[in-house]
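These protein sequence lines are chains A and B, in that order.
Position one of the first sequence corresponds to residue 0 (numbering that gives the first Met the number 0), numbered consecutively onward.
Position one of the second sequence corresponds to residue 0 (numbering that gives the first Met the number 0), numbered consecutively onward.
Be careful, since some hints might not be right.
Said to hold, decoys possible - Sample of chain B residues facing chain A (criterion: CB under 7 Å; computed from the structure):
| # | residue |
| --- | --- |
| 1 | D58 |
| 2 | Q61 |
| 3 | R161 |
| 4 | S169 |
| 5 | N172 |
| 6 | L173 |
| 7 | R174 |
| 8 | L181 |
| 9 | I350 |
None of these hints come from the bench; they were simulated from the model.
In this text, a Cβ means the ideal position worked out from N, Cα and C, and glycines have one as well.
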Amino acid sequence: MREEVKQIQRLLEEQVYIADAAIATALYLSMTLGKPLLIEGPAGVGKTEIAKALASALDTRLIRLQCYEGLDATTALYEWNYPKQLLHLKLEESSSASETEKEAMIFSEAFLLKRPLLQAITEHDRAPVLLIDEIDRSDEEFEAFLLEVLSDYQVTIPEIGSIKATHRPHVVLTSNRSRDLSDALRRRCLYHWIDYPTMEKELEIVRAKVPAIAADLAASVTQVMQATRTMSLSKIPGVAETLDWANALVALQATGLNEEVVAETLGCFLKDESDVAAFKAELPRICTDSFTDV
Amino acid sequence: MSDLGVERLVVFCRELRSHGLSVTPAEVVTAATALPVIDTTDRDEVFLSLRSILTTSVDDFQFFAEVFKRFWNRSPVARETLAPGASPKKSPYQSSKGLAFFLEHWGSSFSAGAQPVKVPGASDTESATAKDFSQFTNEELDEVSRLARRMVRRLARRPSRRWRTGKRGSRVNLRRSLRLSLKTGGELIELAYKERRPKRTKLIVICDVSGSMDMYSRLLLQFVYGLQNSFAKVESFVFATSLARITGDLRNKSYKRALDRLSANVPGWSGGTRIGASLTMFTEQWLRRVDKRTVIIILSDGWDTGEPEQLAASLALLKNRAGRLIWLNPLLGNGDYAPVTRGMQAALPYINVFAPAHDLASLRALEPHLMI
Numbered sequence: 000m001r002e003e004v005k006q007i008q009r010l011l012e013e014q015v016y017i018a019d020a021a022i023a024t025a026l027y028l029s030m031t032l033g034k035p036l037l038i039e040g041p042a043g044v045g046k047t048e049i050a051k052a053l054a055s056a057l058d059t060r061l062i063r064l065q066c067y068e069g070l071d072a073t074t075a076l077y078e079w080n081y082p083k084q085l086l087h088l089k090l091e092e093s094s095s096a097s098e099t100e101k102e103a104m105i106f107s108e109a110f111l112l113k114r115p116l117l118q119a120i121t122e123h124d125r126a127p128v129l130l131i132d133e134i135d136r137s138d139e140e141f142e143a144f145l146l147e148v149l150s151d152y153q154v155t156i157p158e159i160g161s162i163k164a165t166h167r168p169h170v171v172l173t174s175n176r177s178r179d180l181s182d183a184l185r186r187r188c189l190y191h192w193i194d195y196p197t198m199e200k201e202l203e204i205v206r207a208k209v210p211a212i213a214a215d216l217a218a219s220v221t222q223v224m225q226a227t228r229t230m231s232l233s234k235i236p237g238v239a240e241t242l243d244w245a246n247a248l249v250a251l252q253a254t255g256l257n258e259e260v261v262a263e264t265l266g267c268f269l270k271d272e273s274d275v276a277a278f279k280a281e282l283p284r285i286c287t288d289s290f291t292d293v
Numbered sequence: 000m001s002d003l004g005v006e007r008l009v010v011f012c013r014e015l016r017s018h019g020l021s022v023t024p025a026e027v028v029t030a031a032t033a034l035p036v037i038d039t040t041d042r043d044e045v046f047l048s049l050r051s052i053l054t055t056s057v058d059d060f061q062f063f064a065e066v067f068k069r070f071w072n073r074s075p076v077a078r079e080t081l082a083p084g085a086s087p088k089k090s091p092y093q094s095s096k097g098l099a100f101f102l103e104h105w106g107s108s109f110s111a112g113a114q115p116v117k118v119p120g121a122s123d124t125e126s127a128t129a130k131d132f133s134q135f136t137n138e139e140l141d142e143v144s145r146l147a148r149r150m151v152r153r154l155a156r157r158p159s160r161r162w163r164t165g166k167r168g169s170r171v172n173l174r175r176s177l178r179l180s181l182k183t184g185g186e187l188i189e190l191a192y193k194e195r196r197p198k199r200t201k202l203i204v205i206c207d208v209s210g211s212m213d214m215y216s217r218l219l220l221q222f223v224y225g226l227q228n229s230f231a232k233v234e235s236f237v238f239a240t241s242l243a244r245i246t247g248d249l250r251n252k253s254y255k256r257a258l259d260r261l262s263a264n265v266p267g268w269s270g271g272t273r274i275g276a277s278l279t280m281f282t283e284q285w286l287r288r289v290d291k292r293t294v295i296i297i298l299s300d301g302w303d304t305g306e307p308e309q310l311a312a313s314l315a316l317l318k319n320r321a322g323r324l325i326w327l328n329p330l331l332g333n334g335d336y337a338p339v340t341r342g343m344q345a346a347l348p349y350i351n352v353f354a355p356a357h358d359l360a361s362l363r364a365l366e367p368h369l370m371i
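Just chain A, with the same shape it has in the complex:
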C-alpha cells in the first residue's frame, strides 16, 4: 500500500475512525485529484462520520450542507441580508448618493449572507471539508445546480461577479440511495460504497468508540448485531445503533448479555414495532448461538 494511503488510515484512526484500505484509497484519490467523493451505503454505517473524521484529521473546518426536498440556491449558496439592506437605505436617506451608488453599496459583500456552499469556496485559511449530506433527499433541480458549483468551484453572483474558490474544498457527498442520482453527478464524483461491517471490523469499532466496555461484552454485542442483520427486518440496524446499544449497556453496568438483558434494551437498536416482534421470536436462538461460550 502506498505511504500516503497508510498515512490517511493512521490519521483517521487517531480520530477513532476505523478505515479500511478501500476508503483510505478513495479519500487519497479524492484529495489528490481534487474530485468530490460520493459515498453510498445503508443508513448508520458511518458515511457522515467519514467527513467529520477527515475534517478533524486534517485539522480544518467541516462545513455541512444537509439536503432536503425543496432545498434551493438561497439556502445552499447565498442570500442577501434584507433587513440590513433596508436599514442601510433608511440611514442613507438624507445622503446625496446617487441611485447607482446606493445600489452598489447594498449589494456588496458586507450585505451578503454566506450559506454553506459559498462558505466552503471562500474559506481563506485552508481547504475545508464540505459535507453534502443525504444528497438523495434533495430534488433534481438542486442536483443540477450542485453539479455546476462542483465542476469549477466557482460561483457567480450577478451583483458582485464571479467568486472563485481560494482553496478547493474536500467535498464528500453521502447518499442513502432513496432515489437514483443523476448519471452526470455520479460521473463527476469518485465512488465509494460502505456496507455493514464484518464481525471483526465491528468489534474493533465498538472497542474503539466505547472504551469502557468489557472485551467479552463487546464480543457478544457484536455477535447479536451481526445475527440481527441476517434477519429480514424493515429497518436493519447500523453501526450507530450498535454503539448506542453498547453505550447503554455500559451505562446500565451490564457485565454480560442474556435473554433478559437483551429484551430490556433492544429498543436501542430496533426502532420498529414489527421488527421488535420478529426479533423477540428469534431471541432464544440468537442467544444460544451467541452466548454459548460466555
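Use these hints to put chain B onto chain A, whose structure you have.
Positioned in the frame of chain A, the structure of chain B alone reads:
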C-alpha cells in the same frame, strides 16, 4: 498489467465498455491522471483506485471485479464465462406473430355490452359507480374520461415547496422589492411577491391490452385517453407482447379517431402477455423520463407468460427511480381473487399501491395515491 500505462488503461476501459459498463471518456481521463499518483504495481491499490473512478454504483462492483481480475492476469476475457447477471444486456425486442390477426378482431370485442361476465365484487345495482367496467355502455364511458380529466387537473394545481416570482403570492420577494425600492430612492413603495410553484407530477401509464384484459382494456384506454388530454404531463404506453408508446396517438383527437389511429399504428395487440419483456423495453428506452416526481401506473391483470424474474428486475429499476409505482388490477375487484400468479407474486414487493380498477369508484379511490 503490472506495467500499467495509459495505453493498457484505455484497453481496459474499452473492455469494460464492451461488456456493458458505460465508461465515459472523462472518466478515462480521470483514471489516467490518477496513474502517476498511485502505485501501479500494487494490484489492490490499482483495483481500489480504478473501481472508485470507473464505477458509479455498487451494482457494478462484482462485474468490475471480474473484468479486472481477468485483465490483470492478462488472460483474454471470455465473455461466455462471465457470471450470470454480468452478461451484456440483451435486447428484449422480439417480434411476436399473430398480432395483425388480433388487431383486426380487436374492434369487434368492443361492441357494447360484450361478455357480461359477473364479477362477485361488483354490486348488482345499476348505478354506474359500482357497475363493473365489463358491462359499461358507450355513454357511461364518457364519465370515465371526465373523471380522469378532473383528477389530473387537481394534480396539476397543487403547490410545491419551491418558490417563483409572481404577481400575487403569499410572501414578499424581498430581493426584488429592494431592487424596486431603489427606483424610488430607497423607499419601499412597490412590493414584489413570490408564490409557490405548482407541483409538477408526471404520470406514466402503461396499459395491458392483451387478450385476458379485453373486457377492461377498452375502458382503461378511455381512462388513459382522459388523462392524456388534460394539460398535465402524461405519457402513455400499451403492451401485450411488446411495448408501444401511444402518447401521440391519443392526444387531441376524439376517442373514436384516437382508437382508429391506435389500431393502425400499434403493432402489438395479441392474445399473449409478456409483461416482463414489455417493461424491460420500457426501462431501456424510457427510464430517463422517470424521476421522483413521476407516478407510474401499470394497468394489468398480471397474467404473464414470460419469466417472473425479468418482471421483478424491471420493476425494481422502476421503483428505484419513480416516485410511486401503482399497479391497478381489474381482477382485484373480484372478492375471490388472490394475486397468486407467478407474475403478480414477483411484482408485489416492488409495488407501492396495489388497487382494483374494475369500476368508477375504484378509479376515484386512486386519486389520493397520485399525490406525491
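Cross-check of the supplied hints:
no.: 1; hint: D58; in the structure: violated, 9 Å
no.: 2; hint: Q61; in the structure: violated, 11 Å
no.: 3; hint: R161; in the structure: holds, 6 Å
no.: 4; hint: S169; in the structure: violated, 15 Å
no.: 5; hint: N172; in the structure: violated, 10 Å
no.: 6; hint: L173; in the structure: holds, 4 Å
no.: 7; hint: R174; in the structure: holds, 6 Å
no.: 8; hint: L181; in the structure: holds, 5 Å
no.: 9; hint: I350; in the structure: violated, 16 Å
Hint violations for this structure: numbers 1, 2, 4, 5, 9, all remaining hints satisfied.
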